[in-house]
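2 protein chains.
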Amino acid sequence: MNIILIDPEEVSATNTVTLHDRRLGHIRKVLRSNTGDTVRIGLVNGMIGTGVIDELSRDRAILHIKADTPPPAKKPIDLILALPRPIMLKRILAQAASFGVARIFLINANRVEKSFFNATLLAPDNLTDCLRQGLEQGVDTILPELSVHPRFRPFVEDLLPPIAASCHIRLVAHPDTDLHLDQAAPQMAGKRSLLAIGPEGGWVDFEIERFREQGLIPFTLGPRILRMDTAVPALLAQIDLLGRLPAQP
Amino acid sequence: MNIILIDPEEVSATNTVTLHDRRLGHIRKVLRSNTGDTVRIGLVNGMIGTGVIDELSRDRAILHIKADTPPPAKKPIDLILALPRPIMLKRILAQAASFGVARIFLINANRVEKSFFNATLLAPDNLTDCLRQGLEQGVDTILPELSVHPRFRPFVEDLLPPIAASCHIRLVAHPDTDLHLDQAAPQMAGKRSLLAIGPEGGWVDFEIERFREQGLIPFTLGPRILRMDTAVPALLAQIDLLGRLPAQP
Numbered sequence: 015m016n017i018i019l020i021d022p023e024e025v026s027a028t029n030t031v032t033l034h035d036r037r038l039g040h041i042r043k044v045l046r047s048n049t050g051d052t053v054r055i056g057l058v059n060g061m062i063g064t065g066v067i068d069e070l071s072r073d074r075a076i077l078h079i080k081a082d083t084p085p086p087a088k089k090p091i092d093l094i095l096a097l098p099r100p101i102m103l104k105r106i107l108a109q110a111a112s113f114g115v116a117r118i119f120l121i122n123a124n125r126v127e128k129s130f131f132n133a134t135l136l137a138p139d140n141l142t143d144c145l146r147q148g149l150e151q152g153v154d155t156i157l158p159e160l161s162v163h164p165r166f167r168p169f170v171e172d173l174l175p176p177i178a179a180s181c182h183i184r185l186v187a188h189p190d191t192d193l194h195l196d197q198a199a200p201q202m203a204g205k206r207s208l209l210a211i212g213p214e215g216g217w218v219d220f221e222i223e224r225f226r227e228q229g230l231i232p233f234t235l236g237p238r239i240l241r242m243d244t245a246v247p248a249l250l251a252q253i254d255l256l257g258r259l260p261a262q263p
Numbered sequence: 015m016n017i018i019l020i021d022p023e024e025v026s027a028t029n030t031v032t033l034h035d036r037r038l039g040h041i042r043k044v045l046r047s048n049t050g051d052t053v054r055i056g057l058v059n060g061m062i063g064t065g066v067i068d069e070l071s072r073d074r075a076i077l078h079i080k081a082d083t084p085p086p087a088k089k090p091i092d093l094i095l096a097l098p099r100p101i102m103l104k105r106i107l108a109q110a111a112s113f114g115v116a117r118i119f120l121i122n123a124n125r126v127e128k129s130f131f132n133a134t135l136l137a138p139d140n141l142t143d144c145l146r147q148g149l150e151q152g153v154d155t156i157l158p159e160l161s162v163h164p165r166f167r168p169f170v171e172d173l174l175p176p177i178a179a180s181c182h183i184r185l186v187a188h189p190d191t192d193l194h195l196d197q198a199a200p201q202m203a204g205k206r207s208l209l210a211i212g213p214e215g216g217w218v219d220f221e222i223e224r225f226r227e228q229g230l231i232p233f234t235l236g237p238r239i240l241r242m243d244t245a246v247p248a249l250l251a252q253i254d255l256l257g258r259l260p261a262q263p
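The listed protein sequences correspond, in order, to chains A and B.
Per my numbering, the first sequence starts with residue 15, numbered consecutively.
Per my numbering, the second sequence starts with residue 15, numbered consecutively.
Keep in mind that the hints were calculated from the coordinates and are not lab data.
All C-beta atoms, glycine included, are put in the ideal place defined by N, C-alpha and C.
Mixed in with the good hints there might be a few duds.
Calculated cross-link-like contacts (lysine-lysine; reagent style DSS-like; alpha-carbon spacing at most 30 Å) [stated by the list, open to error]: (1) B:Lys43 <-> A:Lys43; (2) B:Lys128 <-> A:Lys43; (3) B:Lys43 <-> B:Lys80; (4) B:Lys104 <-> A:Lys128; (5) A:Lys128 <-> A:Lys43; (6) B:Lys80 <-> A:Lys104; (7) B:Lys43 <-> B:Lys104; (8) A:Lys80 <-> A:Lys205; (9) B:Lys43 <-> A:Lys128; (10) B:Lys128 <-> A:Lys104; (11) A:Lys104 <-> A:Lys43; (12) A:Lys104 <-> A:Lys128; (13) A:Lys43 <-> A:Lys80; (14) A:Lys104 <-> A:Lys88; (15) B:Lys205 <-> A:Lys104; (16) B:Lys104 <-> B:Lys88; (17) B:Lys205 <-> B:Lys43; (18) B:Lys104 <-> B:Lys128; (19) B:Lys88 <-> B:Lys205.
Label pairs and their calculated CB-CB ranges [unchecked claim]: (20) A:Ser161 <-> B:Leu136: 38 to 48 Å; (21) A:Pro22 <-> B:Thr83: 52 to 62 Å; (22) A:Asp73 <-> B:Thr191: 49 to 59 Å; (23) A:Pro260 <-> B:Thr28: 24 to 34 Å; (24) B:Leu136 <-> A:Val66: 35 to 45 Å; (25) A:Val44 <-> B:Asn29: 28 to 38 Å; (26) B:Glu24 <-> A:Thr142: 43 to 53 Å; (27) A:Pro86 <-> B:Ile101: 20 to 30 Å; (28) A:Thr64 <-> B:Ala137: 43 to 53 Å; (29) B:Pro176 <-> A:Arg167: 55 to 65 Å; (30) B:Pro176 <-> A:Glu24: 37 to 47 Å; (31) A:Thr134 <-> B:Glu223: 42 to 52 Å.
One side only, chain A facing chain B, incomplete, derived with CB under 10 Å [stated by the list, open to error]: (32) Val153; (33) Gln252; (34) Asp254.
Okay, chain A solo, but in the shape it has when bound (with noise of 0.2 Å):
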């Protein structure tokens, strides 16, 4: 925890915040923090700040914040994944929201495990619960948007396309295919990003097949395949250093 996050509204009109759970065992057992000490703190969906701890114990901690610095800005990047085991998801979750992506789109494919759509952790408050953790993590507290789609083919078909529309480089990870991301996204600098990644075994060739109509370039990296947990932060450093770099000849 790198940041501690408060909702807007536990704060009071006179700017404190009173803290039981474990952001209060936080402050005592990480922090080790006395009263009149300073920690760094963040309202969710809005401004960085500081509170001053007024007063701690073991049952609470009072917070007197002020909150106006902006949070880091988002990285221009959203990220479309066929649905993964409930604990990969978690992990990726958090990876996903310390890394600063905008939005997540969790989908069905023809090698997802049905069974993983009725976990508890797709629950709207465990799914936030975990990107709160990342932004905690990464120091941020503006949530992704997150959606879950059960049926591949209603998001191809009628969500993707606008969704591709607004984004100038389209990516989907795919081991048949020469083409590095380097090579498939050449000219990224600046520009909005949208990167599918496919379920262990891959996406199937008609999958494959509707995201390539929606402008959607295959991509590989490399013979070595990586489990989930690590091709999403590879993918997203890569995306954002080539995002950081002079367009590639």
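Go by the hints and put chain B onto chain A.
For chain B alone, kept in the frame of chain A given last:
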């Protein structure tokens, strides 16, 4: 498991292997193979090839193997990691091995919790298991070289100089700089890289100074603080990408 790893000493004079352990479970339950099917195998620290299933039962699988394809080249990347907590270490070793890292040095640092060095995970067999799982994921056979260094100074003063001398690119992740990876190492194409990643809480000044003396350049990942299991694949992927691109201006 995208490749079934076999120890050379398991192979008979007639090139058969009998499997009883989780590799048998993988063949039966994940691959759902039958007698006569072919599976992808690799010899630890040796060649990749195929195994034809001669016999398959609940108790054992007998494969007739042939291995004459070289594994993918290792990435010319050496990784120095401040020892993380065991659960994180397990994940990171698998990530680094699946990625093809050549050498991994697990070292002490001021902000490493000392008890981590007593973890049972640090027993050589357990470390090798983590690396093997990464190779099984990444379809590789060559174990990265791995060593554990419970004292910072002897490592950095006695062991690091020849390691650093063998690498053209030397980097240490550190938030207190404005230099990004592509600025700290603009000319990476084809060059051997050394990358040091600190503990939660970062390196202390003394450590950064020792690294600087060995030519390691501090660089930042940006304002977002990533967990080690996000930062490691992110940085390995960026180094890999920069190594593929023409030199940056």
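Quick rundown of the hints versus the structure:
1. B:Lys43 <-> A:Lys43: 45 Å, violated
2. B:Lys128 <-> A:Lys43: 18 Å, holds
3. B:Lys43 <-> B:Lys80: Since the Cα atoms of B:Lys43 and B:Lys80 sit roughly 23 Å apart, the hinted pair holds (cutoff 30 Å).
4. B:Lys104 <-> A:Lys128: 29 Å, holds
5. A:Lys128 <-> A:Lys43: 41 Å, violated
6. B:Lys80 <-> A:Lys104: 40 Å, violated
7. B:Lys43 <-> B:Lys104: 24 Å, holds
8. A:Lys80 <-> A:Lys205: Violated: A:Lys80 and A:Lys205 sit about 34 Å apart, past 30 Å.
9. B:Lys43 <-> A:Lys128: 18 Å, holds
10. B:Lys128 <-> A:Lys104: Holds, because 29 Å separates the two Cα atoms, which is no more than 30 Å.
11. A:Lys104 <-> A:Lys43: 24 Å, holds
12. A:Lys104 <-> A:Lys128: Within the cut-off at roughly 17 Å; holds.
13. A:Lys43 <-> A:Lys80: 23 Å, holds
14. A:Lys104 <-> A:Lys88: With Cα atoms ~20 Å apart, A:Lys104 and A:Lys88 stay inside 30 Å; holds.
15. B:Lys205 <-> A:Lys104: Violated, at about 36 Å.
16. B:Lys104 <-> B:Lys88: 20 Å, holds
17. B:Lys205 <-> B:Lys43: 42 Å, violated
18. B:Lys104 <-> B:Lys128: 17 Å, holds
19. B:Lys88 <-> B:Lys205: 13 Å, holds
20. A:Ser161 <-> B:Leu136: 38 to 48 Å: Given a distance of about 42 Å, which is inside 38 to 48 Å, the answer is holds.
21. A:Pro22 <-> B:Thr83: 52 to 62 Å: 59 Å Cβ-Cβ, so the 52 to 62 Å window holds.
22. A:Asp73 <-> B:Thr191: 49 to 59 Å: Violated - the Cβ-Cβ distance for A:Asp73 and B:Thr191, about 41 Å, lies outside 49 to 59 Å.
23. A:Pro260 <-> B:Thr28: 24 to 34 Å: 58 Å, violated
24. B:Leu136 <-> A:Val66: 35 to 45 Å: 42 Å, holds
25. A:Val44 <-> B:Asn29: 28 to 38 Å: 55 Å, violated
26. B:Glu24 <-> A:Thr142: 43 to 53 Å: 48 Å, holds
27. A:Pro86 <-> B:Ile101: 20 to 30 Å: For B:Ile101 against A:Pro86, whose Cβ atoms are near 28 Å apart, the range 20 to 30 Å holds.
28. A:Thr64 <-> B:Ala137: 43 to 53 Å: 45 Å Cβ-Cβ, so the 43 to 53 Å window holds.
29. B:Pro176 <-> A:Arg167: 55 to 65 Å: 58 Å, holds
30. B:Pro176 <-> A:Glu24: 37 to 47 Å: 55 Å, violated
31. A:Thr134 <-> B:Glu223: 42 to 52 Å: Check passed, 49 Å falls within 42 to 52 Å.
32. Val153: With a closest approach of 6 Å, the A:Val153 hint holds.
33. Gln252: 5 Å, holds
34. Asp254: Holds. Min distance 8 Å.
In this structure, the hints that do not hold are numbers 1, 5, 6, 8, 15, 17, 22, 23, 25 and 30, in rising order.
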